[in-house]
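Novice: On the provided structure of chain A, position chain B as indicated by the hints.
The primary structure of each chain is shown beneath.
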Amino acid sequence: MTDAATDPYDDRDSGVSGLGVSACPACAATPAARAAAARARTAEEAGRIMLSLPEIHCAACINGVEKALDATPGVTSARVNFTLKRVTVETEPGVAPADLIGVLERAGYVAHELDASVLSMTETDKAGRDLLMRLAVAGFAAMNVMLLSVAVWSGATDATRDMFHWISAAIAIPAVVFSGRPFYVSAWGALKHGKLNMDVPITLAIVLAIGTSLYETAHSGHHAYFDAAIALTFFLLSGRYLDHRTRAAARSAAEELAALEVPRALLLEAGTPREVALAEIAPGDIVLVRPGGRMPVDGEIVSGSSELDRGLLTGETAPVFAGPGQRVSAGEVNLTGPLEVRVTAAGKDSSLHRMADLVAVAESAKNRYTSLADRAAGLYAPGVHILSALAGLGWWLYTGDLRLALNIAAAVLIITCPCALGLAVPAVTTAASGRLFRKGMLIKDGTALERLAEVDTVLFDKTGTLTLGAPQVASLDGYAAPDLALARALAEGSAHPLAQSLSEAIAGLGVAPAEVTDRREVPGYGTEAHVAGQRVRLGRGAWVGAPARDVTTTWLAVDGAAPVAFSFTDQQRAGARAAIAGLREAGLHVALVSGDTAPAVARFAADLGIEDWTAEVLPEGKAARVAALQGAGARVLFVGDGLNDTAALTAAHASISPASALDAARVASDIVLLGEDIGPVSEAVTTSRRAVKRIRENFHIATWYNVIAVPIAIAGFATPLVAALAMSASSITVSLNALRVR
Amino acid sequence: MEVLAYLIPIALFLGGLGLAAFYWAVKTDQFDDPEGDARRILDEEYDDKPR
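Listed in order, the protein sequences are those of chains A and B. Final position of the first sequence in the numbering used here is 759; the numbers increase by one with none missing. Final position of the second sequence in the numbering used here is 209; the numbers increase by one with none missing.
Chain A with its partners taken away, still in its complex shape (with noise of 0.2 Å):
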């Protein structure tokens, strides 16, 4: 159950969603999104300042963080939030976020700005606080209410009797009062939109044993269910909390995921550049993009010369040229020289939010999918009422006795009541997470596990996926030494990726580099020099004169000479390896689809062993082979990063990307990988297959429960001993069965 059938405090419609598909399972990520397009905070303002710190791991850190803060300038206080790994800092007017990240850094510390506007509600958990509050009150009045039952099912008789359950009722009825109102607010949403979800049998449970049990005490009966009521109450409400936390957990996930990026640009004013909210920028505006910056708009280049890398959008791995009059878009990553891009469209306008649109459409899969615990809830729900409706009607006609026939169905409703069933999914789902968490999954939507577990095919994207995006010289075997040293000469200093793998690779093979003098860097084609008189380049084909070729290429000439190709293959992610031989151990179709050209695909299929491959996808491609496998009933799990990637994520049945993906992936997708490895994608398919095991076993246990003990509850010989006994029993093995999931 629970799940989006019953939680009030769940952002979606809630109580209606019990029998039917729930509103919007991207909810967790949208809210980050909606808020994109008003905040960004600029050094002018003050107050508070939120940055991330992902590598604090000791008290000395926290110590050392806030002392090297409270140091600086216009810092009036710094609290480190170590379970978060965060440090909030109140500021005075002035300070920019980008002189604390500098101050942490010479201390040692790295640290990321986080968007604190986007983080508000992580702040301060108030509905978590509230249920809490909830579940405390319910524990307390249930051990003191079970404390006293127990002297009644111990032997107290008449007066001492009465005055226990007097007593009882005294501290139960407040309790569930105050406790059980999240319930009676989903039942009743339920109950107004014509419609029954698992609350309406608690409910009806709670209320009538309490009605029947007030009853009892006042005519001196022998059974009152008070304990059953409340104890009722706390195990649903722990439930209840569980997945409460897991959903709050998988919240915040998604909203640090999209407080990282802080929208900003730098508008040129009068040829001086000022950094404003990206908000701010309309079109015709001209903004400045710095070599290693991210275009933050759809434009044209108006000045400059630089190359662009649009791996992200299109999965090239090669970057391209960039010079006055081209057109770019947002997400394109500026490689080498600064850039005056004239904005055409910016915000909601610019290519990456018209992506979104595709996303709309391939948001099927997910908006579909029902959960156990929903299917659960339907079967669950109408049968116990007419069960408990039946028993009591059954008793009046047979013994023509109302109270008999009344105190039946009470005893049929608690006794089938769903504590076991409430702890079924939210142990399961809390214990599984937990688990992915420490492998570095951050799971971002409440069904994604029990999606994950039913995947037979996996997609990967190849570049920035199964690549971490960066070039890596091929070989350097053959080469002359001389040339190397040159190559590294020219190679060095530039902030060209593949200058910079290039001059890596060749001070690992330890030539130094050779005597250059005038050394400059051309944005936009690479770097020239002269030695001893004669001119050398570094760079693009075109540019110093040699053949185009269908590898990542860079070009050393030496004039006059014949130009030296050095060819770049994307280096592969750690894990990749690991990943596809577990998916195939697990059973999985492991394919792959790229942008990418087709010899560079086909090399890398070749090199990690996956025969299925597919080369130069468009994003529609992606989505609509996605589409195609999931049409002939295939379920799919799409592994990507990239722009182009997006509608695909949404599409599948199940989607990953990692944390270097762009955010509009990692809003479509259901879980985000933290780290650099890959690995844990096939540990997140074996894991989530083990937790709907689990699942399973536990519907199992609850079931059983009830098909020993109802028939007890319908003959009438359903004690409020026995009634304590089968909850507790069966949310206790319940619990303990999900923790083998851990």
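It is possible that some hints are incorrect.
What the hints assert, rightly or not - Pair ranges (Cβ atoms, derived): (1) Ala179/B - Thr289/A: 53 to 63 Å; (2) Thr100/A - Ala163/B: 38 to 48 Å; (3) Gln589/A - Leu177/B: 52 to 62 Å; (4) Val127/A - Asp195/B: 19 to 29 Å.
Stated by the list, open to error - Derived BS3-like pairs (lysine-lysine); straight-line CA-CA distance at most 27 Å: (5) Lys185/B - Lys212/A; (6) Lys456/A - Lys209/A; (7) Lys102/A - Lys84/A; (8) Lys102/A - Lys143/A; (9) Lys456/A - Lys84/A; (10) Lys102/A - Lys185/B.
Since the hints were derived computationally from the structure, they do not count as laboratory data. A virtual CB, placed ideally from N, CA and C, is assigned to each residue, including glycine.
Specialist: Frame of chain A, contents of chain B only:
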């Protein structure tokens, strides 16, 4: 059995005390950073202004 007249109120009072303490702890943000608090106590420096 007269002893019950004392024992039950005492039991309820003590339980209620625990509940009140818990309520206070939740209200004063003591569950915000459990891991950090566990480590801060190991810090050698004396904190003049604990927050």
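Novice: Assess, step by step, whether the Cα of Lys102/A is no farther than 27 Å from the Cα of Lys143/A, and give holds or violated.
Specialist: With Cα atoms ~20 Å apart, Lys102/A and Lys143/A stay inside 27 Å; holds.
Novice: Within 27 Å, alpha carbon to alpha carbon, are Lys102/A and Lys84/A?
Specialist: Holds, because 16 Å separates the two Cα atoms, which is no more than 27 Å.
Novice: Can the suggested window of 38 to 48 Å be confirmed for the beta-carbon pair Thr100/A and Ala163/B?
Specialist: Since the Cβ atoms of Thr100/A and Ala163/B sit about 46 Å apart, the hinted range of 38 to 48 Å holds.
Novice: Can you confirm whether the C-alpha distance between Lys185/B and Lys212/A stays at or below 27 Å?
Specialist: violated (37 Å)
Novice: Can you confirm whether the C-alpha distance between Lys456/A and Lys209/A stays at or below 27 Å?
Specialist: violated (43 Å)
Novice: Are the Cα positions of Lys102/A and Lys185/B separated by 27 Å at most?
Specialist: With Cα atoms ~22 Å apart, Lys102/A and Lys185/B stay inside 27 Å; holds.
Novice: Given the range 52 to 62 Å, decide if the beta-carbon distance of Gln589/A to Leu177/B lies inside it.
Specialist: holds (57 Å)
Novice: Taking 27 Å as the top limit, are the C-alpha atoms of Lys456/A and Lys84/A close enough?
Specialist: Violated: Lys456/A and Lys84/A sit about 32 Å apart, past 27 Å.
Novice: A range of 19 to 29 Å was offered for this pair. Does it hold for the Cβ distance of Val127/A and Asp195/B?
Specialist: Taking Cβ atoms as reference, Val127/A and Asp195/B lie about 23 Å apart, which means the hint holds.
Novice: Do the Cβ positions of Ala179/B and Thr289/A conform to the proposed distance bound of 53 to 63 Å?
Specialist: This hint holds: roughly 59 Å between Cβ atoms.
Hint compliance for this structure: hints 5, 6, 9 are broken, all remaining hints hold.
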